[in-house]
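Student: Sequence:
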Amino acid sequence: MRPPRQIPLVLSLALALTPSLALAQSSPGAAPAPAEAAPAPAKAAPRAPAATGAPRAGDAGQLQAPSQRPAPARKPARKPKQEDAPPDTGRPLATFPGFRVLPTGGSRVFVQIHGGKVDVSESKAEGRLVYRMKGTGAIQTNRFPLVTAFFPTPVTRVQLVAQGDDLDMVIDLRAPSAATYRVIETEQGSVLQVDFPPAVPEPRAAPPAAGPPERAAPRSLSQPPEGDGGGAAEL
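Here full-length UniProt numbering is used: the first residue of the sequence shown is 1, the next is one more, and so on.
Hints are computed from structural coordinates only; laboratory data are not their basis.
Pair ranges (Cβ atoms, derived):
1. Ala71 x Lys134: 51 to 57 Å
2. Gly127 x Lys75: 45 to 51 Å
3. Pro176 x Phe99: 15 to 21 Å
4. Gly116 x Pro197: 29 to 35 Å
5. Val120 x Val147: 22 to 28 Å
We put the beta carbon where it would ideally sit given N, CA and C, even for glycine.
Build the full structure now, drawing on both the sequences and the hints.
Tutor: What follows is the structure in structure tokens.
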């Protein structure tokens, strides 16, 4: 058999290329360039410490806002009632009435008036005395009753009562009494005094007189019937 023609052709090509390959490897310019050194990794900037209690950026969705108590609602200022409002400026004002037991055994009711002189008039009724002070006022807290029933005095209660632009001092009595009043002028204004004599103690009912003690009825001895054989007496 004849050898195929392709074999001599391949051998001739290999022989022709061998010198060129050896020349390329032996030439100095064909040496490969050294690889460049890789750049040093950049140092990371120092991380600032997180502030205490400050939320991190990644935890923004996890952290909740600190709970804050709502500010207490302020109550609206109470409007003063008409009766609590102070009287007009320049008008005489009466203070809370007072009571005193005198060393003589009598008693005195008095009230001080600030703001000038005041005209006073007296009126009497059964179990009551009324002293009207012209053009005088008093605040509501000075109009509460003053109870004096537990003192040795004919007065049981004192109270200031407004009557339009005037003011009455009403004195309730437990028994009729000869009271006298006067108005004393002072640097602060006026003082109305009403004096009462000593109270007469109510007579106490005397206990019923005890009669002579009753004597016990004498007991009689029962005699046995005649013909009985001398029995003993019975009480």
